[in-house]
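Novice: Letter by letter, the chains look like this.
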Amino acid sequence: NAGVTQTPKFRVLKTGQSMTLLCAQDMNHEYMYWYRQDPGMGLRLIHYSVGEGTTAKGEVPDGYNVSRLKKQNFLLGLESAAPSQTSVYFCASSYLAGVIKNEQFFGPGTRLTVL
Amino acid sequence: QQPVQSPQAVILREGEDAVINCSSSKALYSVHWYRQKHGEAPVFLMILLKGGEQKGHEKISASFNEKKQQSSLYLTASQLSYSGTYFCGTDESGGYQKVTFGTGTKLQVIP
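Protein chains in written order, with my numbering: chain A, 51 to 165; chain B, 7 to 117.
The hints are simulated quantities; they were obtained by calculation from the structure and are not laboratory data.
Some hints here could point you the wrong way.
[Stated by the list, open to error] A partial selection of chain A residues facing chain B, derived with a Cβ cut-off under 7 Å:
| hint | residue |
| --- | --- |
| 1 | Pro-89 |
| 2 | Gly-92 |
| 3 | Leu-93 |
| 4 | Ala-132 |
| 5 | Glu-153 |
| 6 | Phe-156 |
[Unchecked claim] Listed next, the in silico SDA-like pairs over lysine to any residue satisfying Cα-Cα at most 25 Å (straight line):
| hint | chain 1 | residue 1 | chain 2 | residue 2 |
| --- | --- | --- | --- | --- |
| 7 | B | Lys-74 | B | Met-52 |
| 8 | B | Lys-43 | A | Gly-113 |
| 9 | B | Lys-104 | B | Ile-66 |
| 10 | B | Lys-104 | A | Asp-112 |
| 11 | B | Lys-43 | A | Ala-106 |
| 12 | B | Lys-104 | A | Asp-76 |
| 13 | B | Lys-104 | A | Lys-64 |
| 14 | B | Lys-104 | A | Asn-152 |
| 15 | A | Lys-107 | A | Ser-117 |
| 16 | B | Lys-43 | A | Thr-163 |
| 17 | B | Lys-104 | A | Thr-65 |
| 18 | B | Lys-104 | A | Arg-161 |
| 19 | B | Lys-73 | B | Leu-55 |
| 20 | B | Lys-56 | A | Glu-80 |
| 21 | B | Lys-43 | A | Asp-112 |
| 22 | A | Lys-107 | B | Ile-66 |
| 23 | A | Lys-64 | B | Gly-45 |
| 24 | A | Lys-107 | A | Asn-51 |
| 25 | B | Lys-65 | A | Leu-128 |
| 26 | B | Lys-104 | A | Gly-113 |
| 27 | B | Lys-74 | B | Gln-7 |
| 28 | B | Lys-32 | A | Lys-121 |
| 29 | B | Lys-73 | A | Ala-52 |
| 30 | B | Lys-43 | B | Ser-99 |
| 31 | B | Lys-104 | A | Gln-135 |
| 32 | B | Lys-65 | B | Ser-31 |
| 33 | B | Lys-112 | A | Val-100 |
| 34 | B | Lys-104 | A | Leu-128 |
| 35 | B | Lys-73 | B | Val-25 |
| 36 | B | Lys-104 | A | Ala-74 |
| 37 | B | Lys-43 | A | Met-91 |
| 38 | B | Lys-32 | B | Val-10 |
Ideal Cβ positions, reconstructed from N, Cα and C, are used throughout, including at glycine.
Let the hints inform the model, and build the full structure from the sequences given.
Specialist: Following this line, the structure appears as structure tokens:
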């Protein structure tokens, strides 16, 4: 059981380049999330998904797109990277149990630097 | 809107106690607590639900005051392994799965 995995672990981009971050979970969780973490800002939600084929905006969605074509995968795309997107990105997943929000399982993170 | 955590940072000696507070300006359905060690991913500690139900950690306790929209995390007889940044997450909806995290409280336990 690998839990939540993220690819890649590190990446350096130049301004204007694009990339996709991959998140995969093997726990059959319904819900998946993408967060960014910046010093002093905590974890801020970028986008999330409540099931295969569905996505929704979080607190800081601008400049990012997501897709959830398969239940186990959640992709985060940056179409034209900017230095303000330099951050550590965490993916998380959680399971459905009525209306009670359950614990989120986090991946190891991707450290992205945009020059 | 992000919940407000206090203090922002605290240093303890082994064996000392600490309280971390989390407050929101909105009515809450539940409060979640996570701990993140340096360079690692956040790890779940506990959830406190409206109505008093609690799920969580055997050595760390917490309270949830629904009327004041506040939660407190109690770390007693701290150990070196308690060091890390503690985040509270608040849930205002009780419906779809979205939690808003605070900016964190950095806790350092020294020998």
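Novice: All the hints need checking, so say for each whether the structure fits it.
Specialist: We went through each hint and held it up to the structure:
1. Pro-89: violated, 10 Å
2. Gly-92: At about 4 Å, which falls below the 7 Å cut-off, the nearest Cβ of chain B leaves the hint on Gly-92(A) intact, so it holds.
3. Leu-93: Cβ of Leu-93(A) sits 4 Å from chain B, so the hint holds.
4. Ala-132: Since chain B brings no Cβ nearer than about 23 Å to Ala-132(A), farther than 7 Å, the hint is violated.
5. Glu-153: holds, 4 Å
6. Phe-156: Interface hint status for Phe-156(A): holds (4 Å vs cutoff 7 Å).
7. Lys-74(B) to Met-52(B): holds, 19 Å
8. Lys-43(B) to Gly-113(A): Violated, at roughly 29 Å.
9. Lys-104(B) to Ile-66(B): It holds: about 24 Å lies between the C-alpha atoms, which stays within 25 Å.
10. Lys-104(B) to Asp-112(A): Answer holds: Lys-104(B) to Asp-112(A) is near 18 Å, not above 25 Å.
11. Lys-43(B) to Ala-106(A): violated, 29 Å
12. Lys-104(B) to Asp-76(A): At roughly 21 Å apart (the allowed maximum being 25 Å), Asp-76(A) and Lys-104(B) satisfy the hint.
13. Lys-104(B) to Lys-64(A): At roughly 32 Å apart (the allowed maximum being 25 Å), Lys-64(A) and Lys-104(B) break the hint.
14. Lys-104(B) to Asn-152(A): holds, 10 Å
15. Lys-107(A) to Ser-117(A): holds, 12 Å
16. Lys-43(B) to Thr-163(A): holds, 21 Å
17. Lys-104(B) to Thr-65(A): The given pair, whose Cα atoms are some 31 Å apart, is violated under the 25 Å limit.
18. Lys-104(B) to Arg-161(A): Cα-Cα ~23 Å, so holds.
19. Lys-73(B) to Leu-55(B): Status holds; Cα separation ~13 Å.
20. Lys-56(B) to Glu-80(A): holds, 23 Å
21. Lys-43(B) to Asp-112(A): violated, 28 Å
22. Lys-107(A) to Ile-66(B): violated, 33 Å
23. Lys-64(A) to Gly-45(B): Holds. Lys-64(A) to Gly-45(B) sits at ~24 Å (cutoff 25 Å).
24. Lys-107(A) to Asn-51(A): violated, 29 Å
25. Lys-65(B) to Leu-128(A): Distance ~41 Å between Lys-65(B) and Leu-128(A) Cα, so the pair is violated.
26. Lys-104(B) to Gly-113(A): Holds, because 20 Å separates the two Cα atoms, which is no more than 25 Å.
27. Lys-74(B) to Gln-7(B): Distance ~16 Å between Lys-74(B) and Gln-7(B) Cα, so the pair holds.
28. Lys-32(B) to Lys-121(A): violated, 32 Å
29. Lys-73(B) to Ala-52(A): violated, 40 Å
30. Lys-43(B) to Ser-99(B): The hint is violated at about 29 Å.
31. Lys-104(B) to Gln-135(A): holds, 22 Å
32. Lys-65(B) to Ser-31(B): violated, 29 Å
33. Lys-112(B) to Val-100(A): Violated, at roughly 31 Å.
34. Lys-104(B) to Leu-128(A): holds, 22 Å
35. Lys-73(B) to Val-25(B): With a Cα-Cα distance of about 19 Å, the restraint between Lys-73(B) and Val-25(B) holds, given a limit of 25 Å.
36. Lys-104(B) to Ala-74(A): holds, 19 Å
37. Lys-43(B) to Met-91(A): holds, 16 Å
38. Lys-32(B) to Val-10(B): With a Cα-Cα distance of about 11 Å, the restraint between Lys-32(B) and Val-10(B) holds, given a limit of 25 Å.
Taken one by one, the earlier hints fail for this structure at numbers 1, 4, 8, 11, 13, 17, 21, 22, 24, 25, 28, 29, 30, 32 and 33, listed in ascending order.
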